[in-house]
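J.: Given next are the chains, with one letter for each unit.
Protein chains: 2
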Amino acid sequence: MVGGGQLARMTHQAAIALGQSLRVLSQAPDDSAALVAADVRIGTHTDLSALREFAKGCDAVTFDHEHVPTGHIAALAAEGVKIYPGAEAIVFAQDKRRMRERLSELGAPVPRWRPVSTAAEIADFAAEVGARPGEGSGWPVVAKAVRGGYDGRGVWMLADLAAAEELVATGVELIVEERVPLRREIAALVARSPFGQVAAYPVVETVQRDGICVEVLAPAPGLPEELAVEAQQLAIDLAHALGVVGLLAVELFETADGIVVNELAMRPHNSGHWTIEGARTSQFEQHLRAVLDYPMGETSLTAPAVVMANVLGGAPGGMTLDERLHHLFAADPGVRVHLYGKQVRPGRKIGHVTVLGDDMTSVRARAARAARWLQEGK
Amino acid sequence: MVGGGQLARMTHQAAIALGQSLRVLSQAPDDSAALVAADVRIGTHTDLSALREFAKGCDAVTFDHEHVPTGHIAALAAEGVKIYPGAEAIVFAQDKRRMRERLSELGAPVPRWRPVSTAAEIADFAAEVGARPGEGSGWPVVAKAVRGGYDGRGVWMLADLAAAEELVATGVELIVEERVPLRREIAALVARSPFGQVAAYPVVETVQRDGICVEVLAPAPGLPEELAVEAQQLAIDLAHALGVVGLLAVELFETADGIVVNELAMRPHNSGHWTIEGARTSQFEQHLRAVLDYPMGETSLTAPAVVMANVLGGAPGGMTLDERLHHLFAADPGVRVHLYGKQVRPGRKIGHVTVLGDDMTSVRARAARAARWLQEGK
Numbered sequence: 001m002v003g004g005g006q007l008a009r010m011t012h013q014a015a016i017a018l019g020q021s022l023r024v025l026s027q028a029p030d031d032s033a034a035l036v037a038a039d040v041r042i043g044t045h046t047d048l049s050a051l052r053e054f055a056k057g058c059d060a061v062t063f064d065h066e067h068v069p070t071g072h073i074a075a076l077a078a079e080g081v082k083i084y085p086g087a088e089a090i091v092f093a094q095d096k097r098r099m100r101e102r103l104s105e106l107g108a109p110v111p112r113w114r115p116v117s118t119a120a121e122i123a124d125f126a127a128e129v130g131a132r133p134g135e136g137s138g139w140p141v142v143a144k145a146v147r148g149g150y151d152g153r154g155v156w157m158l159a160d161l162a163a164a165e166e167l168v169a170t171g172v173e174l175i176v177e178e179r180v181p182l183r184r185e186i187a188a189l190v191a192r193s194p195f196g197q198v199a200a201y202p203v204v205e206t207v208q209r210d211g212i213c214v215e216v217l218a219p220a221p222g223l224p225e226e227l228a229v230e231a232q233q234l235a236i237d238l239a240h241a242l243g244v245v246g247l248l249a250v251e252l253f254e255t256a257d258g259i260v261v262n263e264l265a266m267r268p269h270n271s272g273h274w275t276i277e278g279a280r281t282s283q284f285e286q287h288l289r290a291v292l293d294y295p296m297g298e299t300s301l302t303a304p305a306v307v308m309a310n311v312l313g314g315a316p317g318g319m320t321l322d323e324r325l326h327h328l329f330a331a332d333p334g335v336r337v338h339l340y341g342k343q344v345r346p347g348r349k350i351g352h353v354t355v356l357g358d359d360m361t362s363v364r365a366r367a368a369r370a371a372r373w374l375q376e377g378k
Numbered sequence: 001m002v003g004g005g006q007l008a009r010m011t012h013q014a015a016i017a018l019g020q021s022l023r024v025l026s027q028a029p030d031d032s033a034a035l036v037a038a039d040v041r042i043g044t045h046t047d048l049s050a051l052r053e054f055a056k057g058c059d060a061v062t063f064d065h066e067h068v069p070t071g072h073i074a075a076l077a078a079e080g081v082k083i084y085p086g087a088e089a090i091v092f093a094q095d096k097r098r099m100r101e102r103l104s105e106l107g108a109p110v111p112r113w114r115p116v117s118t119a120a121e122i123a124d125f126a127a128e129v130g131a132r133p134g135e136g137s138g139w140p141v142v143a144k145a146v147r148g149g150y151d152g153r154g155v156w157m158l159a160d161l162a163a164a165e166e167l168v169a170t171g172v173e174l175i176v177e178e179r180v181p182l183r184r185e186i187a188a189l190v191a192r193s194p195f196g197q198v199a200a201y202p203v204v205e206t207v208q209r210d211g212i213c214v215e216v217l218a219p220a221p222g223l224p225e226e227l228a229v230e231a232q233q234l235a236i237d238l239a240h241a242l243g244v245v246g247l248l249a250v251e252l253f254e255t256a257d258g259i260v261v262n263e264l265a266m267r268p269h270n271s272g273h274w275t276i277e278g279a280r281t282s283q284f285e286q287h288l289r290a291v292l293d294y295p296m297g298e299t300s301l302t303a304p305a306v307v308m309a310n311v312l313g314g315a316p317g318g319m320t321l322d323e324r325l326h327h328l329f330a331a332d333p334g335v336r337v338h339l340y341g342k343q344v345r346p347g348r349k350i351g352h353v354t355v356l357g358d359d360m361t362s363v364r365a366r367a368a369r370a371a372r373w374l375q376e377g378k
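So the protein sequences, as listed, match chains A and B. Anchor point for the first sequence: position 291 equals 291 in this note's numbering, and the numbering is continuous, going up by one each time. Anchor point for the second sequence: position 1 equals 1 in this note's numbering, and the numbering is continuous, going up by one each time.
Chain A extracted, bound-state conformation (with noise of 0.2 Å):
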């Protein structure tokens, strides 16, 4: 796996009972998965050569992010090197405009958008969103980079043209989209084989603050069972249509009209978290089922209820994470802790914890204040 995150570091400890040992390119040996892993190697997911040393032995490769170059993925392929997802499909989740024009033309339900250069294009983008009955004045409108957008960065809400303005002369590349008047944000995941045998994971609520996920509730509740398979049938569809080999995670915006696609990730995704404990088969595992194109696993749930919250690093000072820990255990033995070996840095996520059991409002209490006994120390 390219990439020693947290994401490398959970497919690892799936990958042991798979009868496997998960290989991890690294950037520092600090990192998430370095310091699990029996077979590290440190280099940088841009470095062509790094990564043809690296694919030397290797059943199969993948990753732990999507930013390895698609001319790197491409060449690696053509090498011979089994590296899934191909660069072919992996495109789409790297580039915002490419992946909006290719659900354009598969006629997947997708936000208003339009690729744009100028603040000037913003306005008017936003002047023709506002025509429609009910829209308002358009603004604001969602900014998102082409490029290299994660965890909230590179998605902008502007408010009106000196915002526009000001991002733009920053010169990064940019599509702008309507800003949906969604209910909540969903999220369908599948995984897919070389083979085309894909399986679907029931679809999860996922909560985000400033632009972070911190928690994922599953399955989604209340979702009408009707919109749920649209969603899965969807994630599935999609990843027929891109070639996916591996996880493809479909974010969702539920709206009054049905379901719109905010984005798609071509890996282990923290909305996927939860299926450590709660499905029958783990992402992690499912992704390496896919990659070594071994049949899908079950993904059914384990339990009524399921959720995942994120832990991120608090503020420093007062109890250590591990006092916090002793007392998270103490306060709920049935809780589930993730920890991925990281610095502590305020709003870094440095682990999940995952609760189950048969009522979801409960459930939810009980993950919400595990995250904030880990996060805040109270």
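It is worth saying that the hints were derived from the structure and are not from the lab. Note that beta-carbon positions come from the ideal geometry of N, C-alpha and C, so glycine has one too. Accuracy of the hints is not assured; some may be wrong.
[Stated by the list, open to error] Computed Cβ-Cβ distance ranges for the label pairs, DEER-style:
id : chain 1 : residue 1 : chain 2 : residue 2 : range
1  : B       : GLY318    : A       : GLY71     : 39 to 45 Å
2  : A       : GLN27     : B       : HIS327    : 34 to 40 Å
3  : A       : ALA28     : B       : HIS327    : 51 to 57 Å
4  : B       : THR320    : A       : GLN343    : 40 to 46 Å
5  : A       : MET319    : B       : VAL229    : 36 to 42 Å
6  : A       : ASP47     : B       : HIS327    : 37 to 43 Å
7  : B       : THR361    : A       : PRO69     : 17 to 23 Å
8  : A       : THR361    : B       : ASP39     : 38 to 44 Å
9  : A       : GLY196    : B       : ARG52     : 25 to 31 Å
[As the list claims (entries may be wrong)] With a straight-line cut-off of 25 Å between C-alpha atoms, the simulated SDA-like cross-links for lysine to any residue are:
id : chain 1 : residue 1 : chain 2 : residue 2
10 : A       : LYS342    : B       : GLY222
11 : A       : LYS342    : B       : CYS58
12 : B       : LYS56     : A       : ASP30
13 : B       : LYS342    : B       : GLN208
Here the structure of chain A is known, so what remains is to put chain B in place on it, guided by the hints.
T.: Same frame as chain A, but now just chain B:
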């Protein structure tokens, strides 16, 4: 963890979730755990200086087997190493004579037994056992090596004096025990922290073949509640009385008259592998929580019926293990597989499978079929 077998391998998986990385003292670089852990030291557990070097910088030291000399454990403890279970506890898992003596003192239910050094003493013991009504001749008796027995090795069923003479001639230090008229074997697993907190898992049935555990059923089907509670209470009492820190597995015979202690183990135990998916906290995490003095985790079942089946190496020839795994995953997408990364040798434990569900009969059939597939490829 001292020892690089599958128990350390699975403990490493649990350590990762706790934000830890397991350091492993392994005899060879291709031992099960050494293949997957980041921090592997090669050395022998009988070498005190290797143990001392290994322990430097560890928060706590524990074991994946019971073969570390108690003198070495005591020496490290005297030097300030947190090493669990301690020498004063683990001796009862190393030395069957000491174990039987101590259990007898504590009033725990044990078979009639005796240390012996001659065939005549064995014959005397058989005669005494046979003198009781309904016991026949007293033969066969069970002879056990005082030290070093494991997975059916070091245990002999002696049919008569001639067999006793043959065994005694080998010079191995022995105890003899009456052959207990058992209904079945069950096991009670508990974990105890230095603080003294104890958590008990549901009592399971263990199915043996040729002295090797082949199947574990959780919870033990049809076990009367009072007997289950008695077994758990016995294990809790023994953990306290023997001063165990970490896991204590108490292997028991269920007889018409109640339960009888067969063996003790003080480490993650084959009878507890089902807990990885089948209990809210796996035995591996629980052992780590105990030796690191965290509060214990919840031990409840995650499904009404859980079955673990061991996968032994099959006869050579036919499909590779990897091909068998493909077929198994296609046939049963819900089975959970754990492979240990070991070379296949006939009869060697190379992995295990776990199946969860509502109905013990069908769950057991699925687990047996899955294990047979991996073992025999059919």
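J.: So, for every hint listed, does it hold in this structure?
T.: Here is what the structure says about each hint:
For B:GLY318 paired with A:GLY71, a C-beta distance near 43 Å keeps the hint of 39 to 45 Å intact. Remark: the range hint 34 to 40 Å for A:GLN27 to B:HIS327 is upheld by a beta-carbon distance near 39 Å. Between A:ALA28 and B:HIS327, the C-beta spacing of about 41 Å breaks the proposed range 51 to 57 Å. As the Cβ distance of B:THR320 to A:GLN343 is approximately 43 Å, the hint placing it in 40 to 46 Å holds.
Against the hinted window of 36 to 42 Å, the Cβ-Cβ separation of A:MET319 and B:VAL229 comes to about 37 Å, which satisfies the hint. Range check, A:ASP47 to B:HIS327: about 39 Å between beta-carbon atoms, so the 37 to 43 Å window is met. Hint check: B:THR361 to A:PRO69, Cβ distance near 54 Å, so the stated range 17 to 23 Å is violated. At about 42 Å, the CB distance of A:THR361 to B:ASP39 agrees with the hint of 38 to 44 Å.
In this structure the hint that A:GLY196 and B:ARG52 lie 25 to 31 Å apart at CB is violated, the actual value being about 56 Å. At roughly 47 Å between alpha-carbon atoms, A:LYS342 and B:GLY222 are farther apart than 25 Å, so this suggested pair is violated. Between A:LYS342 and B:CYS58 the alpha-carbon distance is near 18 Å, which keeps this suggested pair within the 25 Å criterion. Taking the CA atoms of B:LYS56 and A:ASP30, the gap is about 20 Å. The hint holds against a cut of 25 Å.
The hinted pair formed by B:LYS342 and B:GLN208 meets the criterion: a straight-line CA distance of about 22 Å does not exceed 25 Å.
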